Structures are given as C-alpha cells and as structure tokens.
Amino acid sequence: MKKKSLALLLSVVLTTVAVALGGCAGDKQEESSQITIGIPQDIEDSLDPMKATAAGTKEILFNIYEGLVKPDSDGNLNPAVASEYTITEEGKVYTFTIRDGIKFHDGSEVTADDVVYSLNRYADEQSGDALASAFSNIQSITAPDRKTVTITLNEPNADFLSYLTASVIPASNADPDTVAIGTGPYKYVSRSPQENIILESFDEYWDKDNAPQIKNITLKVIANADTIVTELNGGSIDMFCRLSSTQVSQLSDNFDVYTGTMNLVQALYLNNAVEPFNDVRVRQALCYAIDQQGILDMAFDGQGSIIGSAMYPTFGKYYMPELENAYPTDVEKAKALLAEAGYPDGFTFSITVPSNYQPHVDTAQVLAEQLKAVGVTANINLVEWASWLSDVYSGRQYEATVIGVDASMLSAGALLDRYRSDASGNFMNFNSASYDVALDAAESSIVDEEKTASFKECEQIISDEAASVYIQDMVNLVALNNKYDGYVFYPLYVQDFAKLHLK
Amino acid sequence: MNLTYVLKKLISLLFTLLLTAFLVFLAFSVIPGDPVTTMLGTQATPEKVAALREELGLDRPFLVRFVSWLGTFVDGTFGNSYSYHVTVRSMLAGKLPITLTMTVMAFLMILAISIPLGIYLARNSGGRTDRIMTVVNQTIMAFPPFFSGILLTLLFGLVLHLFTPGGYVSYTRSIPGFLGYLILPAVAIALPKAAMATNYLKASVLKEMKMDYVRTAYSRGNTTKGVLYGHVLRNAIIPVITFLGMTFTDMIAGSIIIEQVFSIPGIGRLLISSIANRDYPVVEAIVVLLAFFVIVTNFAIDIIYRLVDPRIRSAQEE
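These protein sequence lines map, in sequence, to chains A and B. Residues in the first sequence are numbered consecutively from 1, following the numbering used here. Residues in the second sequence are numbered consecutively from 504, following the numbering used here.
Just so you know, the hints here were simulated from the structure itself, not pulled from any lab data. Take these hints with a grain of salt, some might be off.
Unchecked claim - So the derived label-pair ranges between C-beta atoms look like this:
1) A:PRO40 with B:VAL577: 29 to 39 Å
2) B:ASP753 with A:VAL257: 52 to 62 Å
3) A:THR178 with B:ILE514: 50 to 60 Å
4) B:ARG556 with A:ASP175: 37 to 47 Å
5) A:ALA174 with B:ASP812: 57 to 67 Å
6) A:GLU204 with B:ARG556: 32 to 42 Å
7) B:PRO600 with A:LYS215: 27 to 37 Å
8) B:LEU522 with A:ALA433: 50 to 60 Å
9) A:GLU204 with B:LEU513: 54 to 64 Å
10) A:ALA171 with B:VAL662: 51 to 61 Å
11) A:ASN254 with B:SER628: 47 to 57 Å
12) B:PRO549 with A:SER192: 27 to 37 Å
Said to hold, decoys possible - Below, a sample of chain A positions facing chain B; criterion: calculated Cβ distance under 7 Å:
13) GLU44
14) SER136
15) SER140
16) THR227
17) SER236
18) LEU389
As the list claims (entries may be wrong) - Covered by chain A, according to a simulated footprint, are these stretches of chain B (three or more residues, beta-carbon under 8 Å):
19) 667–679
20) 707–715
21) 764–772
22) 776–785
Bear in mind that the values here come from a model prediction, so they are computed numbers and not experimental data. Just so it is clear, CB atoms sit at the ideal spot from N, CA and C, and this is done for glycine as well.
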C-alpha cells in the first residue's frame, strides 16, 4: 500500500510535468509573416546610430536608420533620404534634395533641418562619431529651404559621399539613446535587455520596390554559443549568421546555408612600436613563417579568402589580389631575416586575443604552432572583450593580437585611414611618412583612376612594410530556415532584413 | 521575539549590505577593462574618452563615486545602466520575477519530493526501496544542475519533443507558457538539492528515533505513526530547515548558471552580460540584491527556528 502511494505520487508529478511541457510545445503557432533571428549579443552601446560602436549593433540599426545615401548589396551608393544630389565640378559643394513625402517612423516628415541637425551631431568633435575626422573637412552644412541641404567642404574628397550614409534622425527626438526613430524599412517597437529586440515593418517606407516583406521581426539574444544549433533545430530561431562550419554540419534539413564573407581584415596585428616588431625584418619574417592556407584548413574547414594587405576582395577595384602571395611560406627565409635582425634563436612574445571570438582564438592557436618552426614562441593570452578594448585597442599595451577589422563605411578609406601615423584607430602604431602622403593623395583626389592608384599604393606600402601579418577575410555561413528566402550579403558588415521573405 | 533582537538584526543587515557594496565597488575599480572604452569600442579617441568619463562621473575620486552611488539606493533608481540608458530599477523589475519564479518553483519541488520521501525512507530504513533510493540519491547528488540541465534539454527537447530548447516565453505574453518553460530548469536545480534534503531528513529522523523521549513516548502507548508525527518530526526538521535555507540562497545565486544553459533572460544572464560590458551600476545593484536575499533568508530562518523550537527562543532571550 505504501509503495503504491509512492508510485502514485511519482506518476502524478511526472504527468503534471509532461502536460505542462506539452502545453508549452503546442504554443508554437505558425504566424505567416514573422521571423525570429538569433543575434550573438544584445545592443549594449546605444540605439542612437551615432553612439552605436559595436559591429553587431550597426548591422541591426542598418534596418532602422538611413542616411542621405544608402549602400546596396552591389556596393553602390543610392539616394535614400535624398532623392537626388549634385556635386559641383571641383568636388567641394554637395547639394541634396530631400525625397518628397519621406517620413520618419513617428509619422513626421523629414525636413532639411533634421538632416542638418543629424550631420552636425556627427561632426561634433566631443560627442560625435570617430568619423568626425572625415566630417572635420566640412566647411558648412546649410538648409537653404525646407527641401534642400548644401554641404560645402574645405578640400575635395571623392570618398565623402560614402560618409553621408550617416543616419538621419529627427531633431525633435530628445532621447535617441532609448527611442529609435529613423526612416528605414523597419521600425523599432520594444526591447527587453538580454532577451530580445522587436521590430515591425514600416508601412510608409518610401522605397516601394524594396519594401519590407516580413511584418514582425524578433531579434533574440543567444548569449550561449553552445545553444545556437539546438535552438535552430528546435525551431525557436529561424536564422543565425556567422556560424562555424562545425555548427553548420549539425543543422537539420530545414535549413538553407548561405556562404559569403564577413568583410573583415583578419590579421595577426603587431604593435609596430614595441620590440621586436619595430624592426621591419622581424615583421616580414613572421609573414614568411606563417601559412595562411594552413590556418584556413585547420581552423575554418578550408573556407575563407586569403588576403595580403589591409583590404578585402569585396572592395573590387581597390583590392590587389597580387598581394595575397607577397610572402609565400618560406621557413628558411624567415629564419634568415630573423638572424639578420639579431634574433638567430627566435624570441618569445604573446598574442592577446579576446576570448569571446572563438575564430580568432582558433587562429591564434594555429599561428602559435606554425611559428614554432622558425623558433618563435607565441604565448596566447586570452582576455575579455572589455579588457581588449581598453588595453589593446585604446591603450595599445600589447605585442600582438588576432582580430578582424571591418570598414564602417563603404569606402576603401575607412579601412586604410587607421594606418595613418596619427590616426586614433591606429592601434598597431604603424608609422610611415610615405604612407601618409599616399593616403592624403587618395583622399583628396577627385579623379577616380588617380584615387584608385593612390589607394593601391597605400596597400602596397602596408604589404611591403609588413605592418601586420594579414591572414584572411573570414567565411560567413548563414543558416536560414527554408520556409524563408532572400538572404543577401553586402560588402559591408550589415544585415538587410527587408529582403527576407517567405518562400 | 523582542524589539532589541529585531533591531540588532536590522543593524547587522545594513552593515553587511554596506560592506558587500563597498567590496563590489572596490573590485570593479581594480579589475582590468574600463566602461568608457567598452562603450566607445573602436571609436574611442582620447577626447571622447575624457568627455564620456566626465559625463558618467567616472573622473571623480573613488569615495565620492561610492557615496554618490549609495545615493542612488536612497532614491530607489539604483542609477542608470551604461549599456541600456535606463534606470537599473526598471531593468531589475523586469528580470527579478523570472529568477524568483524559477527559484521558488525549484524550492517547492524540493519540499514536495524530499519531505515525504525522507520520512518514507526513514520509516522503511534498511528495506529494498531504501537501499535502491540510497544509490539513486547518491547518483543524483553528483549531478551539477548545468549537466542535468543539458541532459534534460536533450531528452525532453530533442528526443521526446515535449520542450522547445531556448523557446522561453515571456511572462508578459503567456503565464502558462512561462511557467511551462521554467519547469525543466527548476527540475535541474531541484534534483541534487532534493536528493540531499531527503538524505538529510532521513538521517535526522533516524537519529531522533533513537532518543530517550521516543522510548518514553512509546511506553505511553503511542503508535509509531504517533511518535513520528507527534514528536520526532518536530525535532528532526530543525537541522533540515537550516539546510533548506542555505539551499534557497544557494539556488538564487546558482540560477546564474542554469539561466545560461536554458537561455532564460533572468537576473543571472543580466549579471554576466553586465560584467562583460563593465556596466557597473547594473552589476553592483545585482550583487547587492543577491546579498540582500541571502541576509533576509537567514533572518527568516532564524525566525522560523524560534517558532518551531521554543528552546532556541528562550535561550536567546535570557
């Protein structure tokens, strides 16, 4: 009798559990135009497009905000908030006409004053964007009438237009940190910290040809990388970007996998100001010592595109494929260079890697293994992202690091600008007078061929000087539930949700 | 229960909280990483770093910052989150119900399993069920919650399809869905603790059963049932209360791990992400809150003791 009552108790408990769980699974109703997209981290900087610094934030805000011009997936800059623009022949005066009837998400019409207000925020040295260096070239921003904005530059800069992808926000928004109002295809609805961000399609979006097709988007924060595949297969998320090849191999048949590139310059960045990396021969020796294809094979299933300078292939005409093989793997040559530089027995250094980026950690491990062949010992020092930012990036207190650098704007200048000897983003302390001259020439040139030639000269100098050990533009594997279609890659670190649709 | 006692407890509570707050504050001023460079990311320039540091008041001396931070407890906002630009209170208000619900569910499960099972095993000590359960208990005790959590996800999620891994439902959307999702994490937390509590109660009952007063009770013509429920249990439960109290505070802190495993956006997850982002106001508020729970629970245990056992009450009041 007693045993029976125990069994009864247990069965009651188990039935309750099963019923409750069953109810939970049954809750998963199919809504026609809704998608849940997994994101690896929450928006933790700001909803204000100007203060958004994380690449993960910017790629989401791309759907909420737009600039006067907007990049497309082919790398062209198309008019967005402006319907048309003219540039005077000497390249100094830009005149934009605000698109007729274009509205912000709150229903108010975009005026020239909003544009002037937005651009002035970016140009502000104190609070503005690091792009302020590009904006500091602005002499004046004026609004001659409600529909026209005129920007006058001090010096012509053919690259300037790409900086006008800077988001336009309403001047009336007092708290852009928490209230996101833009003109993009999706409007911000709500968020719950570390849980999700809810977006909804904007019915009055100006571009009817590229109107958003899925009504509701939930961006779900998946903080634990180990659960991504379970959640994809279990159906609680429909899409996830930048998966590893191992994760892709575990996906069920319900997924289409899109292969693109991440649009990053992944490299073993060297601090050019510290010994022994202040000697160009040592830097070159490391370039000869490593085998990029070996890294791809060991850590990335052979996928990724090898690069030889601070530029990735999607930049098309600016990219120099011939640099990919500037330093073929040659252990003997590496040893000779090291001996010449005074390190016949090699040396020991440490690679500081942010531990939250597994691909970079894997890369560092393969690198350390490869460097042993030339007698160089690399110790891997894993740090938190916050420490990496303060010590490596801002403090420049490091010897070497593995990281991927993206271009915040659709301009070659955005990638090459950080190698200027006095640039704030020059965390590798690269210093070359001839480079600065070439970069100035590129940025002030208004003739396309000259500009391209100067940018290529910059890339050549970076390669010759072996500013760092360039590795690859990493492969980007995107899983999308095969109920949906329409994922497109951009030559920038962005996601375009408006192109997604049901099959 | 007299007033001096309560007053004394309150003062020690305040003092402990203050000390915890100070230590947390100190810890974050010595660990590497800086909220300002974290916020500015790759757009940091020396001018912007200085400007933001001033805006957040991080340029002030340590003690000034500490005191002004204590002020945010007095006004009840707990300060503003660096990452989310809203008050920490509003963030905690959304997350606390999740973690507390999960902990309370787990606690109820522990009570529901361990008390009947502990008594049953004590009464049938040495029997076959007891021998089997001893082995089962030992095994379950060895399972850390994160591991049983993964196993449960695998079993109920991917094999039986009764559970959507990561399919957390917000309580603002559906209460049954919310509670349904929390069952498995609660089970994962409860299992090893329930096994321990069962063993604890069983041992305690067996020990009491050997006491002299039990013999006296039998000699007065009581049945086993009468002795057990009328006399033994009341004594046997006292050490178990201590254990359960410790378990409760342990579970709130332990939810940090289980929330990661089950992708539950509660206090634990917020704590981890805030540490990574150096979002100090959030981290400090959560740690102080956890300390507050621990202290209050201990306080509650003390009071329960006094209600259950008159001997403690009179001993302390003398």
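Quick rundown of the hints versus the structure:
no., hint, result
1, A:PRO40 with B:VAL577: 29 to 39 Å, "holds, 38 Å"
2, B:ASP753 with A:VAL257: 52 to 62 Å, "violated, 43 Å"
3, A:THR178 with B:ILE514: 50 to 60 Å, "violated, 39 Å"
4, B:ARG556 with A:ASP175: 37 to 47 Å, "violated, 21 Å"
5, A:ALA174 with B:ASP812: 57 to 67 Å, "holds, 60 Å"
6, A:GLU204 with B:ARG556: 32 to 42 Å, "holds, 41 Å"
7, B:PRO600 with A:LYS215: 27 to 37 Å, "holds, 29 Å"
8, B:LEU522 with A:ALA433: 50 to 60 Å, "holds, 57 Å"
9, A:GLU204 with B:LEU513: 54 to 64 Å, "holds, 58 Å"
10, A:ALA171 with B:VAL662: 51 to 61 Å, "holds, 57 Å"
11, A:ASN254 with B:SER628: 47 to 57 Å, "holds, 53 Å"
12, B:PRO549 with A:SER192: 27 to 37 Å, "holds, 35 Å"
13, GLU44, "holds, 4 Å"
14, SER136, "violated, 12 Å"
15, SER140, "violated, 22 Å"
16, THR227, "holds, 6 Å"
17, SER236, "holds, 4 Å"
18, LEU389, "holds, 5 Å"
19, 667–679, "holds (count 9)"
20, 707–715, "violated (count 0)"
21, 764–772, "holds (count 4)"
22, 776–785, "holds (count 5)"
Figure legend: structure checked against the earlier numbered hints; hints not met, in rising order: 2, 3, 4, 14, 15, 20.
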